[in-house]
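Protein chains in written order, with this note's numbering: chain A, 1 to 265; chain B, 266 to 695; chain C, 696 to 1153.
Accuracy of the hints is not assured; some may be wrong.
As the list claims (entries may be wrong) - If you only want the chain B side, here are some residues facing chain C, beta carbon under 7 angstroms, derived: (1) S317; (2) I319; (3) I500.
No lab work stands behind these hints, which were simulated from the structure alone.
None of the values given here were measured: they were computed from a predicted structure.
Built from N, CA and C at the ideal position, the CB exists for glycine as well.
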Amino acid sequence: MDDLRAVNRDVGTNATKISARGVQVHYGDTHAIKDVEVDIKERSVTSFIGPSGCGKSTFLRCINRMNDTIDICRVEGDIRIDGDDIYDRTIDPVQLRARVGMVFQKPNPFPKSIYDNVAYGPKIHGLARSRADMDEIVEQSLRRGAIWDEVKDRLHAPGTGLSGGQQQRLCIARAVATDPEVLLMDEPCSALDPIATSQVEELIDTLREKYTVVIVTHSMQQAARVSQKTAFFHLGSLVEYGDTDEIFANPKDSRTESYISGRIG
Amino acid sequence: MTDIPSGSVARTTMDMVRGSLSRRHRKQFILQALGITAISLAFLMLFILLASLISTGHKAFTQTEITLEVFIDPEEISAERLPRGNFDDVLAAALAADLPSVDPNDRAAMRVVGGILSNGAQFQLRDRVVADPSLIGQTIALSVPVSDPYDQLRKGLLDRETPESLRRLDDTQIAFYDRLIEIGAITSSLNTGLLTNADSRFPELAGLKGAIMGSFWALLTCFLISFPLGIGAAIYLEEFAPKNKLSDFIEVNINNLAAVPSVVFGLLALAVFIGWFGMPRSAPLVGGMTLALMTMPTIIIATRAALKAVPPSIREAALGVGASKQQVVFGHVVPLAMPGILTGTIIGLAQALGETAPLLLIGMNAFITSAPATPFDSATALPTQIFIWADSPERGFVSRTSAAILVLLSFLIMMNAIATYLRSKFERKW
Amino acid sequence: MTTLAFAILLVASLAAYALNRRAATGIRNGGARLHSVSNYHGLFALLLMLVPVLVVILAWLVLQGSVVNAVVMGGLPDGTLTGLEKGQVDLILAEIQSIAGGRVFGQPEPWKLAAAERLTELRQLAALGLVLVTALLCLAIMIIARKKVSAEFRARQGVERIVSGLMIFCSVVAIFTTVGIVASLAFETYKFLRLVPLTEFLFGLNWEPQIPIRADQIAAAGAFGWIPVFVGTIVITIVAIVIAVPIGLLSAIYLFEFAPKRIRAVAKPLLEILAGVPTVVYGFFAILVVAPAIRSIGASLGIPVAPNTALAAGGVMGIMLVPFISSFADDALSAVPRAMRDGALALGATRAETVLNVLFPAAIPGIVGGVLLAVSRAIGETMIVVMAAGLMANLTLNPLESVTTVTVQIVTLLIGDTSFDNPKTLAAFALGMMLFLVTLVINIFALRIVRKCREAYD
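Take the sequences, apply the hints, and build the full model.
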């Protein structure tokens, strides 16, 4: 654990961006998330770790209400972004998801051109006033996704034709194109090879200059490399949450300790 | 969204998003409304279809009858000449007794009176007398069907308000009818003849027995041919066939056969079975063979799906204890797939039961007044019988056609219910 | 007698099974180690007998009738058949057969009575022969099979070879069927083209198949240009597709994306009912309800409407195709991976935008394949048009007029008594050939698209 370079970067602010209180999630009869409380800092990278099935992805999907799309899923409790209750009945999930972008485990570019993939979000939300405006947004987003140089000559080639790592960076570019405040990433590197992984990790590290990033990962090394804060989930509960170097160097809970040292997982 | 440090950018973005929301939700609402309209339209059509069939068809389930005191006049009917005799005159005379305004010697008037009864009435009387010749000279009570126009009149399908010249019954005939109603001679009863009679030129006598038997023989033939052939082919293709040109070709063939228009199968049957092999026309056997060729692809496709659903672990387990490939397949895989195979077969047979066009081409639309005793006899089938009746000009056949359709639909619903039951009873989640 | 033959076969094969099984068990009890278990020795004998003898019996039954008839007709007194046409010869044969069946009308000539008697004799002889042959064959096979039983005999392999052969035969029946269709259509079409030139058939603008039945009848010479029939088919198909595609697609989208679970649970089986209604019922619905409704609407608007409009037939066909299209669309939409849906929703797309911009384009190939199959169904659909469309071939594109279709012509030309040397009958086969070719091309194309679409996300 000695390459914790992320720690050396300054965290932009100490303000709380997302705060969760008493969150419960039920999938049918299964109690998937039990009473989770967490405060996520603005413009930092927070990672969720834990053994598979521990509920870390489920909790992530609560933050942009993606769980609404699953019929049997019920969410209780209180999640606020900048103090707004996102499960309030006046909040439109469509608007919320423009504010909270998401990147998935498996790269999922639409079967459209690279340009159209990135332009899709701004188009549906009406963010571009003109064609030039749109070109501008697409270029900027692709630059933020650190893929501009690779695709600038073939913007109209299908996005599905890219390599896995490029596809994932395209999906990140697509997510930032709507200018969100929060970026959720659900194991964004699990389908990528090591080289592509390191490119995406580097990208994540730069993204926190502008966005609040929450990343679910099954790799402790990755959590250590990219995040400032780490939350450890076990059997649906949030066991421990704190500064990344603290958690890894000196866990307070025995379960965290067992997981980190590889005894459960 | 209060304390956002990079506020100005984020706020404008969110404002833009918010601005687009109502337009986008309206679009979603329109799409949803269109979807609901489309599906309601489809169901409305289904409803109109069923409602029109039931509203016209239910009338065919009752039959107007007339109860007569018949004096079996030995002058008209003698035991020596049986089964011949003037049964119609005897019946007309019995009816005239109830209608005081009619002069029994007025032949024209008597013919009108006789016309009140169905043409089948005299045969009903004849059968009764032939069975028991001692009735000659006695007076017996007899219930016989009335002819179609009077049946329509009772069911309200014949409008008394139409001008007399356009009506199928003139004022005198309606007066006869009213008189018979008055004395309580006219009754209505459940029309069992619809299921127990064979076809007839007279709507009030026509029944479905011949068609049901024809369909039964055809489906039996179809099952006996398509079930073993279909299962054999499916097992081979799914479990044994090597991946080569031949099995690819067979696959393409089967998929295409499933989509070949049914009338083409009729042409095949007409040319090959009847033309080249010299098999009999109009026979349920030939109909069943034709339907078998059409049903086979359905059974093959269903069987293969059922076999595919059996997990490989079963096969591996059996192979692991040293069973041969065929022992595995016939001993373990096929029995496990059987519910799926049977469900597919029943659905295939239900489709075959409703198939009409190929049966028309091989002549199963003949006019046949007796039910087939064997699959070699000429016969009609339920759907072809519906076609024949739908084509008949007599008004009475309209409600018979609807009733026949209701009978056909209830057979289909029964078969599908069995298939659904099988599927839910034996379905296994691996 | 035929039943007796089958009974003999059944009993004999069961006996052969028992015999071989017992023999094999005997060897095992004698201390030798059998290669195959005794059950397989029995099964081997059973199959060895059942399959060939069954083939012989069925072949005998198929051929018996024509052989007996040929012998009887050949045995008629010299000269009775000279100068007679085929139809008249058939009539004589039918008369002899009905005399033999005990239905005598009037006073037949003595030679007919003699022939009938001979026919009865021959039939009895043939039936007796069948039983004898069956019995002898069974006996012979039983002996051969019994001789095979030995400790080393690989009975299981023998059984499996026979079963394999049977299964391959079953699979090849599909090829036989296709070959049968192509051969019968091609053969009759060839005969048709000897009477009517190909160019006239393909490019002629008149379809009037009413040709004189007797040579002295004065009637139209008959015209066999299929263009008006084909155009009529296309008009009705277009009407059907124009109705079915939007209704089918919109219902599929609604049920897939928006409908609450309970509505879906009711709506899908109802759509299946709509799909399961036989076409003859739709045909009756068209003439009972739809055609009169269109006529009265037309009358109230002052538009002249033909009695058998293409609109009525096509409209009802469209209703029939709605569940077909919606189930294909549903399959295609379900085949799009969930990740696509999630991706769009996570960007803040509404559900309508997700379906229309992401799922629908990805599902297009599958949907197009389904629509093409629906087109092929509409072209080949018979009963609705036979009952609700017209008989006269009008060259028109107006759906309010009466048109005829390929299938209507096939059925009307072939209903009633047919003989195979009449251009009217042969024309039906030529139309059938065209129908088969057109639908075949569409089907192959559509099935390929559907399969590609299914593989794309596997």
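Hints, one by one, checked against the model:
| no. | hint | in the structure |
| --- | --- | --- |
| 1 | S317 | holds, 5 angstroms |
| 2 | I319 | violated, 12 angstroms |
| 3 | I500 | holds, 6 angstroms |
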